[in-house]
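Peer 1: Below are the chains, spelled out letter by letter.
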Amino acid sequence: MILVWLILIPFIGGLLCWQAERFGEQSPRWIALGTMLLELALVLGVWWHGDYGLNAAQGASDWALEWRADWIPRFGIEVHLALDGLSLIMIALTGLLGVLAVVCSWHEISRRIGFFHLNLLWILGGVVGVFLAIDLFLFFFFWEMMLVPMYFLIALWGHSGSTGNTRIQAATKFFIYTQASGLLMLVAILGLVFAHHAATGEYSFSYEALRHTAQNELSPQMAWWLMLGFFIAFAVKMPVVPLHGWLPDAHAQAPTAGSVDLAGILLKTAAYGMLRFALPLFPEASQAFAPIAMGLGVLGIFYGAILACGQHDLKRLVAYSSISHMGFVLIGIYSSTELALQGVVILMVAHAFSASGLFIISGQLYERLHTRDMRLMGGLWGRIKGLPGIALCFVAASMGLPGTANFVGEFLVLFGSFDAWPWVVVVASGGFVLAAIYSLFIMQRVYFGPAKEETPLGGLDGRETVMMLGLLVLVLWVGLYPGPLLDTSQAAMQNVEHIMTLEETPAMPEETP
Amino acid sequence: MTPLLALSPLILVCATAIVVMLTIAWRRHHDLTATLTVIGLNLALVAQILVWWLAPLDVTPLMRVDGLSIFGGVLILGATLACATLGHAYLEGARGPREEYYLLLLCAAAGGIALVSSRHLASLFFSLELLSMPLYGMLAYTYRERGALEAGVKYMVLSAAASAFLLFGMALLYARTGHLDFAGLGGALASAGGDGWLLAGMGLMIVGLGFKLSIVPFHLWTPDVYEGSPTPAATFLASASKVAVLVVLLRLLQSAPAAQDAWLHSLLAVLAFVTMLGGNLLALMQQDLKRLLGYSSIAHFGYLLVALVINEGLAVETAGIYLVTYVLTTLGAFGVVTLLSSPYGGADASRLHHYRGLFWRRPYLTAVLTVMMLSLAGIPLTAGFIGKFYIVAVGVEASRWWLVGAVVAGSAIGLYYYLRVMVTLFLPEPGMQRRDATTDWAQRAGGVVVLALAALVVLLGVYPAPMIEWVRLMAAT
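Quick note, the sequences are listed as chains A and B, same order.
Those letters in the first sequence? Residues 1 to 513, by the numbering used here.
Those letters in the second sequence? Residues 514 to 990, by the numbering used here.
Everything labelled a hint here was simulated from the structure, so no lab data went into it.
These figures come from a predicted structure and were not determined experimentally.
Each residue gets a CB set at the ideal place from its N, CA and C atoms; glycine is no exception.
A portion of the hints provided could be inaccurate.
[Unchecked claim] Beta-carbon label-pair distances, calculated as ranges:
| no. | chain 1 | residue 1 | chain 2 | residue 2 | range |
| --- | --- | --- | --- | --- | --- |
| 1 | A | P242 | B | G697 | 55 to 63 Å |
| 2 | B | Y877 | A | Q221 | 48 to 56 Å |
| 3 | B | H778 | A | D373 | 57 to 65 Å |
| 4 | B | L535 | A | L15 | 49 to 57 Å |
| 5 | B | H866 | A | L401 | 52 to 60 Å |
| 6 | A | E367 | B | V975 | 36 to 44 Å |
| 7 | B | V975 | A | S219 | 31 to 39 Å |
| 8 | A | P242 | B | P941 | 30 to 38 Å |
All chains should be built: construct the whole structure from the sequences, respecting the hints.
Peer 2: The structure is reproduced here in structure tokens:
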């Protein structure tokens, strides 16, 4: 039942925020903050009480917590929620970034505050749903549902670019990209369901049942096409390079909280989807696809990094660097060794921290300077108290300096992939050089160099300091002591590796047909 | 006695029409007429549901009361009720006679109910005309508006042309087979094989019915008529009238399986393909919400045609589910336009700029329209998603990948204009004069209907099981 509450709390909180606006400006903010803190506390409670390191990896999924109820009996659709180490980490991340998103928009959002927090919390609710659902219909339901509030967040509270309507265009682009690719996934899901129907005579959207079907009943060609349907949907969201067109615009126009959610969590739903669905459902097709995915990953690393070097808009730069980082994630996922997969988990967490940190910093600079154009900045080191030092730390994290979480993640991904894909790893490592270049560009152009003006700007206030330092502590903590995270995700990742390396079908649990 | 009981919904609607006519002759009173209409329609709706215990039953060689006809009847009566309620709000400010609207509405509803239970070409034709004729009057009801008059005349001329096609097709079929009832026709078609005259006859009938459904090459009237006509009339045209025609087409295709000739079959498939893409593409740049809804309804009937083309497995269930979600959504969307244009005073508030910033003035009305737009776009949490899910499912089940591809592409294109409408609602207000709903809209009957529709759309989107069970029950007989 606690799984249901994890999903419901943000939704209910969102409605409360909307209605609370009539009691004054501050009340929606406090309610939103309270909601997310409650969510975070619940997840941490679940983490504290559960034991995620010892689950036996026998190929079958072992859920630490599970909840199911009938939903649409006609098609055997259930509300089936389950939690393992991977989803736990992702939900904890969602809760944490949710708190950050609320806090960082405390002053930024001044219009329609209630409705803003409704959208913000509903995104988070949808994301938690994505991380918990293991009925494929339910997964798709949340997957599509979370787009709507995100659309509103960008379209209504975004920063208009110079040419009028760009935030609406960015939002529309985001929505159409993700929705259209989502429909491809729906087609793939239905293809799988009808294959199951043809084999067993009954409809089911259950993860276990469909996995069984996918591995036993499908022709390799069919499996390939269905796998592609899933992959494209996840690749758009991740984003993998030829399908990334929506990301820079969406990031550049979104409000800070939107960027934090987008970079921190929404992109992670794609990686999660690959780990949870695309690989385990179609292990053989995925293995056959791995060379292409690796190529796309390497392409993404370089494409993102090179374009990041050429940006003037701070948020666009960070957005392109996200594409680059996601290239590493893709490589890690498709190399499918335990080490690389563990690296993927750490890298996802690390990227969520560092990218959110950088986006929040851009937001704070924007609040003070009213521009994000780096050509108009410069010499800020002496003008803002506190912020430049923190920015330096996050930039260092983004380029993967040892001691930060990103280093651990990238190192594990490359180390784990080296055995099977030495050349990919060698080429991908070149991405670090570019990462160093664009990261140092940020520092050089924004904080050093000649100052445009001499007037000091407002330093960090208490809220901002606590937020940034907290995030920084987490980056360093994961960087220096990643053990707890690794232990938590280990069983789930071993499971994925197990499925990918095993030729035969894993043993089925008793209750599924 | 039983046949009469089985036809009781039709009889009740006709009786209401007569009572309303007499009341108008006795004394003109807007509220009284509307109340009588609503009472009559409610009685008919109850009767329509109770008739279930008599089904399936053949009533004369012309009519058949079965699950399909009850399903169609319930949808039509529900839609008519909504149109009557919305019409009441709309007509309050109208000059000139207001009461005849209800008379026309009742006649058209009677035509619709008769149409969904026809199993004979003769009853098909006369009920189709009974459905269309009052619509000419309804569409041109506010005839002082140039647009409304144009809409009425345009619909009349084109509808008459379509009827001519339909009659010609029927004549060809009769000349070749000697049958007019669907079952006999189906048998004759099956034994005759791919005879050219028969194919021509079926083709011409599809043209005639395709016009009413605004399938793509025959869709040209739709946007103009939707835009110009008074919104409650357009609502009826978009919901009840289309449901009736689609149900009869479904019955025709089902009882004449030989109509699934390979050639006809691919013709229908091509029509579906073109309709889905055409409707969505044409809607992209519209500046008028009613025009946009017109094009979007074209696209939606393209999706529905997919179910008719496949006509096996889940197809009938799909058509039923999709019709339910489509009707609810269309009624809701047009309902909001009606409320904003009520009471009548000049051209309807349907330009997109009328809706700019509506959220900050009428948050709940905007929420309703947003839900409807999301439902039309097929986003989860709304009933439209269940419909879209069924359409994709039926396409995947039959492995019709081209049609599935068109559904996906059409939905992606469709998003663009639905999102455009949605975001307009939330934009900051410009300082320009606009029309607005009355401040107490939510306490009026029209407002209650619209809110209830929104609630229903969300409820069925989250918990569709009852709807699915009902449609399956109806499709089973």
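Peer 1: If a hint holds in the structure, say so; if it doesn't, say that too.
Peer 2: Verification of the supplied hints:
no., hint, result
1, P242/A - G697/B: 55 to 63 Å, "holds (58 Å)"
2, Y877/B - Q221/A: 48 to 56 Å, "holds (51 Å)"
3, H778/B - D373/A: 57 to 65 Å, "holds (60 Å)"
4, L535/B - L15/A: 49 to 57 Å, "holds (50 Å)"
5, H866/B - L401/A: 52 to 60 Å, "holds (53 Å)"
6, E367/A - V975/B: 36 to 44 Å, "holds (39 Å)"
7, V975/B - S219/A: 31 to 39 Å, "holds (36 Å)"
8, P242/A - P941/B: 30 to 38 Å, "holds (36 Å)"
Consistency with the previously given hints is maintained throughout, with no hint failing.
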